[in-house]
Each structure stands twice: as structure tokens, then as C-alpha cells.
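Protein chains: 2
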Amino acid sequence: MWGFGDSPHPPPPPSHPGIINAEKSEFNEDQAACGKLCIRRCEFGAEEEWLTLCPEEFLTGHYWALFDGHGGPAAAILAANTLHSCLRRQLEAVVEGLVATRPPMHLSGRCICPSDPQFVEEKGIKAEDLVIGALESAFQECDEVIGRELEASGQVGGCTALVAVSLQGKLYVANAGDSRAILVRRDEIRPLSSEFTPETERQRIQQLAFLYPELLAGEFTRLEFPRRLKGDDLGQKVLFRDHHMRGWSYKRVDKSDLKYPLIHGQGRQARLLGTLAVSRGLGDHQLRVLDTNIQLKPFLLSVPQVTVLDVDQLELQEDDVVVMATDGLWDVLSNEQVAWLVRSFLPGNQEDPHSLSAGWSSQVLEAGPDADTQHTGEGRRSHSGRAGVLR
Amino acid sequence: MWGFGDSPHPPPPPSHPGIINAEKSEFNEDQAACGKLCIRRCEFGAEEEWLTLCPEEFLTGHYWALFDGHGGPAAAILAANTLHSCLRRQLEAVVEGLVATRPPMHLSGRCICPSDPQFVEEKGIKAEDLVIGALESAFQECDEVIGRELEASGQVGGCTALVAVSLQGKLYVANAGDSRAILVRRDEIRPLSSEFTPETERQRIQQLAFLYPELLAGEFTRLEFPRRLKGDDLGQKVLFRDHHMRGWSYKRVDKSDLKYPLIHGQGRQARLLGTLAVSRGLGDHQLRVLDTNIQLKPFLLSVPQVTVLDVDQLELQEDDVVVMATDGLWDVLSNEQVAWLVRSFLPGNQEDPHSLSAGWSSQVLEAGPDADTQHTGEGRRSHSGRAGVLR
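One line per chain: the protein sequences are A and B, in this order.
Residue 44 is where the first sequence starts when you use my numbering, and the numbers rise one by one after that.
Residue 44 is where the second sequence starts when you use my numbering, and the numbers rise one by one after that.
Certain hints may be false.
When chains are identical, the list treats them as one kind, so a pair holds in a single copy or across two.
No more than 25 Å apart at the CA atoms, straight line, and that leaves these computed lysine to aspartate or glutamate pairs for DMTMM-like [as the list claims (entries may be wrong)]:
1. Lys340 to Asp285
2. Lys294 to Asp362
3. Lys79 to Glu165
4. Lys79 to Glu394
5. Lys302 to Asp353
6. Lys273 to Glu192
No lab work stands behind these hints: they were computed from the structure.
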């Protein structure tokens, strides 16, 4: 639990995450991690090699992460054990730039052109851009580690990743997948992330299929229609959209339009290549469409979107709270409902975060059945979900 | 001049555009067009062919457009003569959907599945999405026409395109390039478009070069650095970013990083492949990097971004004004300065739009020299620009 109000730099989080499981699934593929981020200082040595001069920590940050696994827990476990180390390494590699008033063009601090600082200033490059870059690189590095480890151990699977990092008076939220973080204040609910699903990333996914049609192996159509087309639609003019369109138009249906859609279904039922409900995350290097050789990975990105919150400037109060949760929570409770829950529970239960668990779980259970009513006729979906409250 | 206040449907614009030239360049490559958009009704005939049953107009809209030419005026002239016809055709092709409460899944209105209307509703498809789709398709169709016409006549060139369409109580603003439209109200300045330049579209452009490195023919680097690198930077760790990065990181410079950058320069000096200042527009099918075979077109998009303004809901007043102008104006005057000019001039000069021209031109001339002060040492740039005021 992280108190915004008492000091500009939050106290270290507990050694194990304050995580609440909605307890709606027997087997949970989700993982969480949190801890202190100790960044050591390195210096550019005489032989142009990096030498660790002082092994003690130089900068301290805090790290919280949620990983929603699919196809087994292996990727989520690897991510929970690895991502923070990748991030620490990436931050240590640029730490000299992090502590400068403005990152120098050359990490050595050497000025090759007299106007180098001016070029950096004109591009508007700030220390926070190095943290964003470090988070982007860390997600990519962790994805590669997971790919290698899963292959070596003959395991499969993938996971989403939602990470919050507090460093130098700022809170960074990096998200790859359909988890979500919000900041709940007395008079405000501020979203700190966007969800990446086949629906929200439709144009990017369709464009890749347009540029590399061989990725669909002649089995899928990249076009979007209101529903999957069938024989009776042949020759009709039907609503559709392609990769370059935000609007809709009509096209005359031909045989190739009857193929299974690249993105199919609506809302929580939407699937990429009929297989995956998210379009960003870690792992899934071996994932293929059932009974085919069609790979999911080219369409999946491991790059997160990073949001930056200036904690110092926001004048956060004692009862301002960041809520991080996987889709198990957000599928059944709105931001407003979660904020209401947090605001009602916390004042009397500051010392006992687990008391939130009971209310949380019952709300998820209550909301569940209604939220599942879909006209597609597909069966109920379990609401396995994890939520973390940073306060 | 288009009065919002007097009627929910604006009177037809004048037969020639109310366009003001800043008169700063002898030869103007820009073009403008405006007129009534008469959309005829078509019906799905017995032989599944489109037949024009009633040639009279069925829906009426209004159309204003600005085209900022480069490499000669040919593309801008073709766009000014063609785009409105493309748009009319695209709208006529979907007019049955436009006038329905909600566009039907099948243009014929025939329901193949009983739940077809529900699928359309779940996707949230509305009549305005068909207008957005028609604008997107019209830009693409017009781009193809320009490509064919220029090739046939041995001409070259390209242009940006900014289009405003008033239809069924909504104002649609479609933009491909670096022109801009704003709505100026008494207490509000509302941007109606975003600019598309090599800088604003960096990630899309870098990603295409990442997917198809052959497009750069080994002559350019897709990486972004604060400035172009040179021999002295070799072996140093330098700030950079790649297609997947919003943040910055450091990389050790190798020989391939010394190539000319895919996107080079800053602000108004930024160029795509050292050649073009915009990343969207019409034409340029033949444009190549000087003395090479490297084509610009794969990086250029003709697709516009479309903004929708609900004119009826906004309760626009008599003195609310839409300003559309090319970069010649926006390079030297801010939205706030333009709004101030419009608010000061119009009350006393409602009947004489040309009186705005004098003040406008003098402001552009006054602002010019300061706005040109760049440390890059490049020479002064002329401010040829066009502006239109819809009121």
C-alpha cells in the first residue's frame, strides 16, 4: 500500500504484492510482482567500456506489475521473475542521462558538436523520455527471454503485462494487453492506461495483413464485416472496412470474403485469428492457429504504451489511490464502480487491505452473470482476475 | 462566407471560393474549391445493377476545399477539379444507408439473418461512419485519378488536401497534409484537424522502413538521432529512437548510422527522405529522391483523418467561424492570433470578406521574419499560403 500524502517519495512497497484474487477460477494463470528498484551508477571508463564503479544503489524507484497469463502460467511466471531485472538493466544503461538536467546527446557527456545540447533541447528530449525508452526496451528484452526459456523448456503460453514504476517524482504506467490502471482521487478518476485488444488495434493488425498477405495463408480475410459472412451474402453489397478506414463503406461480397475474419467477434468475445483476445503482451512465440501453421506472433506486439504522471505536481493526497487490475475486474466493474468501492472501503480499513478483497470479490460475483449476457450464444466465461491497489 | 447562426442548414457558398492569398509568393501552387454537393438517389434495380431513378438531387451538402501544391500546381489543380466529384460519387453509392435510421448491413435493405440489425448496432455503425468512409474512399479515388492524369500528360507534383463538408446537420473535416482547420467561437478555439508531417507520423514511416528495408535502397537510416551523425560520432553511445519507441535510448554508433536519416530536420525544416515536408496528400506518384530511384509514394498516404462536428448540437452562433488555411498561415500565426484577427475584423466587415485579406497579409508579413529564425542556417522560406473563412 502506497501513501501519496505522507511524503513525496513513497515508502518501499511490501516484499510480496498486495494482490487480491477474485477467486472465480480454480487455476489462476495470473502473476504479480512488486519491489524496490535499485539502480546502480555506472561510468564510462577509459577504455570505452562500462565499469561498475560503485555497486551500491544510486537511484531508487518502486515497481509494481501484473501479468495475466493465457495458455498456461509459464509466461506470466517468467515475466514476474524477469521483467524488473530487465528494467533495472535498461535504466542502469542510461542512468547518467537520467540524472542530468537534460540527457546529453552522447552518454559520455562529451560534446562532439558545440550545438549538440541545442539539438537535444529542440527535440524536447527529457529524462522521462529515457525512462519511457527503458520501459519499452525492457518489455522487448523480457519478451525475448521468455521466448528462449519457453522454447528451451518445451513450455508454451503468453501473458499481458501492466507495470507501474515510481521514479524521481514521477509515476510511469506501461501497459501491453487488456489490463488497466486508474488513479482514484476524491473528485477525479484518471485512466492511466489504454487497452490493447484486436478491436482497439484493428487498423494496425489489418495493415500488417495488407502488407504481408502471406501471414494469413489464404485462410482468413483481413476485412471487417458486422458479422461473419456466409453463402447467402454472396453478391450482396455489405458493410465493411479495411485497414485504412475509420469509417464504413459497402462492398459486393465475393467468395474470398466468406473466409474466417482476421478479427472476429465483438467486445470481450473479439479474437485475433480466432485465437487470442489481446493484441499486445509477452510470450506466445510458438502460438499457432489451431490445426494450421499460421503464427500469432507477427500480429502481437510486446511494446507497451507508457503514460507518465507527475506525482510531485499533482499534489496527491493521502487517500488518492492507483488501482491496477486485469480484465477479470474491468469486464464486470466500471472505473466508477471500482472508484466507489475504493473510496468506501479504504477510510475504515487503511491497515487491512484484505478487507477490500471480500467486497471486491462479491461485487465481481454479483456483476458477473449480467456481464456475460451475450447474443452470440457462446458459453459463460470465467472471471479469473487480479487487482492490486497502490496507495 | 457561411453563417452558422441564421439557419441550421447554411446557405449555398458562393460559386467561387472566398479565398485570401497572403500574396507572399509570385507563383502560387495552391488551389481552392467550394460548391454545393448535390447527391442523387439511386436504387438497387431488378438486375442487381445501379440505376439512377430520379436524377434530381436527393440530399444537399456543402463542400469547401484547400489544396497546397508542391513540385508544380498540376496536382492541386486536378484535385480542385476532381475531388468533389469523387466524393459525390462515393456518397451516392451509399445514400440509402445515409438516410436510414441506422445503415443496414445489406445496402439492398434485405435482411439475410434476422439479427443483422443487431450486429450493425453492436458495432456502433452510424450514418456519419458512411460519410467518413466516403471521404476516405474519395481521397483515395482522387489520388488514383491524379496519378493517371499526371502520367498521361507527363506532368509531376503533389498537394495536400483539406476538405470541409456540411451534410445532414454535421460538419466533416477531412485532412491529408499540413493544412489546418479551426472553429473560432466567442469563448473557444476548437481544432478540427491534425497535421500530418514526417515528424507527427514518424513511427508509421519508420515502421514501413523496418518492414520493407529495401524501400531505403541502403541510402538512408530509419533511426532518428538528435542530428545527422558524422565520423566523429562513430563508436560513441548516442541518443536515438526506432519505430517502436516513443521514448529515447542510447545506441553505440556504427557506420550504417552515418547514412542520411529517413526523417531529417526539425519543425518546419523536417523532411521525409530529404525531399518532402508532408507525409499525407494527393499525387507525387512519380516523385523520387534526387538522383536516385528511391520512391516517396510508399511512405505517403492519401487517406485523410476525418473529424466530425455536430453542428446542430453545438448551438453555433452567428459569429462562430471555421478557418481553413494552409501552412503558409499557421507557420507564422498561432490559432490564438488567427482567432483574435477573425474576432476583431468580422463584426464590422460582415459583408466584405476581402477587408480581412489586408489585415491577414500584413500580420503574416510582420510575423514572417521572426518565425524564420532557425539555427540550422537554412535560408528564408517564402510564406505562400491560402486561407479560407467559412462563416
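Verification of the supplied hints:
1. Lys340 to Asp285: both (21 Å within a copy, 20 Å between copies)
2. Lys294 to Asp362: So Lys294 and Asp362 fail the 25 Å test inside a copy (54 Å) and across (42 Å) alike.
3. Lys79 to Glu165: Answer is neither; intra-copy 34 Å and inter-copy 45 Å both fail.
4. Lys79 to Glu394: within (21 Å within a copy, 68 Å between copies)
5. Lys302 to Asp353: Result: close neither inside a copy nor across copies, 48 Å intra and 37 Å inter.
6. Lys273 to Glu192: For Lys273 and Glu192, neither the intra-copy (42 Å) nor the inter-copy (40 Å) Cα distance is at most 25 Å.
Hint compliance for this structure: hints 2, 3, 5, 6 are not met, and every other hint is.
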